[in-house]
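S.K.: Chains as they are written, first to last, in the working numbering: chain A, 1 to 135; chain B, 1001 to 1135; chain C, 2001 to 2135; chain D, 3001 to 3135.
No wet-lab data here; the hints were simulated from the structure. Small disclaimer: the values here were computed from a predicted structure and weren't measured.
Here are the simulated lysine-lysine pairs, DSS-like style, with alpha carbons at most 27 Å apart: (1) D:Lys3052 with B:Lys1099; (2) D:Lys3131 with D:Lys3116; (3) C:Lys2067 with D:Lys3086; (4) A:Lys99 with B:Lys1116; (5) C:Lys2077 with A:Lys38; (6) A:Lys38 with C:Lys2038; (7) A:Lys67 with C:Lys2052; (8) D:Lys3052 with B:Lys1068; (9) D:Lys3067 with C:Lys2116; (10) C:Lys2077 with A:Lys52; (11) B:Lys1077 with D:Lys3077; (12) C:Lys2068 with D:Lys3052; (13) B:Lys1067 with A:Lys38; (14) A:Lys67 with B:Lys1052; (15) A:Lys120 with B:Lys1067; (16) B:Lys1067 with D:Lys3052; (17) D:Lys3129 with C:Lys2068; (18) A:Lys120 with B:Lys1099; (19) C:Lys2052 with C:Lys2131; (20) B:Lys1099 with D:Lys3077; (21) D:Lys3068 with D:Lys3099; (22) A:Lys99 with C:Lys2077.
Which bits of chain D does chain B cover? Going by a derived footprint, with three or more residues having C-beta under 8 Å, they are: (23) 3013-3026; (24) 3030-3044.
All C-beta atoms in this analysis are idealised placements derived from N, C-alpha and C, irrespective of residue type, glycine included.
Number of protein chains: 4
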Amino acid sequence: MPVNQDIFNFRVTYADTDQMGVMHHSNYLRYFEMARHKLMRTIGVSYAEIEKGGLAMPVIRALLDYKKTAHYDQELKIESGISLNKGPRLLVEAVMRNKAGEVVCTSAITLAYVSKITGKACRPPALIKSKLLNI
Amino acid sequence: MPVNQDIFNFRVTYADTDQMGVMHHSNYLRYFEMARHKLMRTIGVSYAEIEKGGLAMPVIRALLDYKKTAHYDQELKIESGISLNKGPRLLVEAVMRNKAGEVVCTSAITLAYVSKITGKACRPPALIKSKLLNI
Amino acid sequence: MPVNQDIFNFRVTYADTDQMGVMHHSNYLRYFEMARHKLMRTIGVSYAEIEKGGLAMPVIRALLDYKKTAHYDQELKIESGISLNKGPRLLVEAVMRNKAGEVVCTSAITLAYVSKITGKACRPPALIKSKLLNI
Amino acid sequence: MPVNQDIFNFRVTYADTDQMGVMHHSNYLRYFEMARHKLMRTIGVSYAEIEKGGLAMPVIRALLDYKKTAHYDQELKIESGISLNKGPRLLVEAVMRNKAGEVVCTSAITLAYVSKITGKACRPPALIKSKLLNI
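This is chain A alone, in the form it adopts within the complex (with noise of 0.2 Å):
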């Protein structure tokens, strides 16, 4: 069960659509990033903090579930949790919703922690872990 959830709001544009008339399955990546730098701001230890420090935070695995379309100016919600931060990784598990509460779309993203003197992975230093883990 992931902790230190957060909800992320967003309508869906135009732009996303794609000819099928639903969101190009190429753009919740992009709403997933938004929802999981949201939870971090909210639990205080922001990217944009987190790359001053001298860390990068790649993405090296993404795995989606499409479970229903989504359709132009739809209003969704993103709820993302935090389930695992170990070593130099951290996974946050997501869940995409409509308005009825159906699930849109699933993610699984996992992140390294990456010097960016070095650009090897490394652990994250005490104050982003302790905000972090609490798992």
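Since the structure of chain A is already known, use the hints to place chains B, C and D on it.
M.R.: Only chains B, C and D this time, still in chain A's reference frame:
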């Protein structure tokens, strides 16, 4: 082992990059789609014709493993192949490599055959099946 | 002077940035579109309803003047207004500003009213005209 | 009349389309950028080298005229050329055409030479000037 393999070449664009200085993780799905559509054209069942025939093929699952960063102006190639075509689903696996032959990213994309009339999952027409299957 | 003004707030995403460390110039059009569609919802003629009514409104001209760079996580706002609604054309002008009130970018976007049946430019229905015009 | 002309070929992707069934207007800028960067490589001053040399070239103005719709899987070409290279500015004009030779879109993109150290507009180094200018 995938069959019906095909190769798609591309060059990382400036718009693909993010402030980490690498291709943003959300942009890979677009290239894997281009590679998949080229694969289908090569096999002889172009996605454009599939749509004209009353079928849609939405992505229902996407798994991406990012192995090495990709950089602006780098020339990359994607090897795509069909791993499974069973009932209403098609699984396309692909490997993105750089000029040195190193794996940049791998993907496993599952698509569904959906009737544009009923909106329901369906089996592909015999012609498509015969061209895509061969497994 | 534009009438029917409206304000749209957004936050620059990580995916919006490029390796120059700023929002890539190709991403502004998407935000100006979101602002324009919000303006139309505010006025009472949502683009979703316009499409259902058998009209499309393709962009036929876009002029963007980039004044200051926009950065990841920056909160920006767009003020949009209708400058001209004459015959088969609608001109929407907008200004993107940062928190300090500085102009980040201005846009002048011309859209055409096109019948989805004939594919030809047409005049807007009286209802749309009365709500959008007022100039 | 532009000099240093070059041609860039591409194919409209599925992700480029929107629910109007055509290439979304925000996607053209990315293709014009690809064409422009190819033009610069052809001339012998690749953008990658310009950045390494301490310069950035942000877009400061973009004008796009959409003439005909572009469709999924359509093969298009962009003819780009340098129209002006004066002081700290470079103007690149381009025409996008379909296979029938019809104009799909035209663009006039103004870029600035900016020092990455000072962040200020500057004149281009003599080498770049000699290769780009010739007007």
